[in-house]
Amino acid sequence: MLIKNIENKIKLALFVALGSFVTSIIIVIIVSVSSYSQVAKARESIYILDNNVPILAKQTNMQMNRPAEYRAHVDLFHSIFFSLTPDDKYIEYQMKRAMYLIDESGALQYNNLKEKGFFNSILSSSSVLTLQTDSIQLDMVNKRFIYYGKQTIDRRSSTVTRSLITTGSLKDIPRSDNNPHGVLITNWKTLENKDLSNVQKNQF
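In this note's numbering, the protein residues as written are 1080 to 1283.
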């Protein structure tokens, strides 16, 4: 009888010890997860000094803003590449800015336009090119876009409106002064670029 009582006490002690050990592990896991969550939230809090007075500001999640940044990047590139004036220095400056936002596919299209005399025609006809963005469709899963816009070519003799539809892929890269969105357009190509209207101007 004494032996059975000792065995039961040993089993009870073992059970209590194992239960305490498992409970301790569960508590450690809960505390660790809770601490990590609090640290993550704390990192999203930024204090800005305004005349030595700290003001709390919230840091937004980059991934939440990524679609908006992708659209802004695509819009910026097309605006730079297709909005031009009859100034060779300005055209060169715009193309240099645009090349920071795109891979070699942009340089290839630039060289093709240059070989076809597109930029020389802008200078000779004193054309002013402006671009209006209609919409930008994003495929966030495959990181692809389709750009829809209208380009206006204002010449001395006429005003031409052309449709512009392009497509390409998007690649995340480190941000820089020349590429503030941290995005690189890749495999860029034009799907459509045709005249919608051609209005002649009165010549006096």
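Just so you know, the hints here were simulated from the structure itself, not pulled from any lab data. Heads up, the beta-carbon is just placed ideally off N, CA and C, and yes, glycines get one too. A few of these clues could be false.
Okay, the calculated beta carbon distance ranges per label pair [as the list claims (entries may be wrong)]:
(1) Ser1204 with Ile1252: 33 to 41 Å
(2) Thr1209 with Ser1248: 44 to 52 Å
(3) Phe1100 with Ala1147: 43 to 51 Å
(4) Pro1253 with Asn1277: 20 to 28 Å
For lysine-lysine, the following DSBU-like pairs were computed, each having C-alpha atoms within a straight-line distance of at most 30 Å [to be verified]:
(5) Lys1250 with Lys1268
(6) Lys1273 with Lys1195
(7) Lys1280 with Lys1195
(8) Lys1222 with Lys1280
(9) Lys1168 with Lys1222
(10) Lys1229 with Lys1250
Structure-based check of each hint:
For the pair Ser1204 and Ile1252, the supplied restraint of 33 to 41 Å holds, since their beta-carbon distance comes to about 37 Å. Under the hint 44 to 52 Å, the C-beta atoms of Thr1209 and Ser1248, about 26 Å apart, miss the expected range. Take Phe1100 and Ala1147: their Cβ atoms lie about 50 Å apart, and the range 43 to 51 Å holds. In this structure the hint that Pro1253 and Asn1277 lie 20 to 28 Å apart at CB is violated, the actual value being about 44 Å.
For the hint linking Lys1250 to Lys1268, the alpha-carbon distance of about 16 Å falls within 30 Å, and the restraint holds. With a CA separation close to 16 Å, the supplied pair Lys1273 and Lys1195 stays within the 30 Å bound. Taking the CA atoms of Lys1280 and Lys1195, the gap is about 26 Å. The hint holds against a cut of 30 Å. Restraint check: the Cα-Cα separation between Lys1222 and Lys1280 comes to about 43 Å, which exceeds 30 Å; the hinted pair is violated.
For a cut-off of 30 Å, the pair hint linking Lys1168 to Lys1222 is broken: about 34 Å separates their Cα positions. As the CA atoms of Lys1229 and Lys1250 are separated by approximately 25 Å, the hinted pair is consistent with the 30 Å bound.
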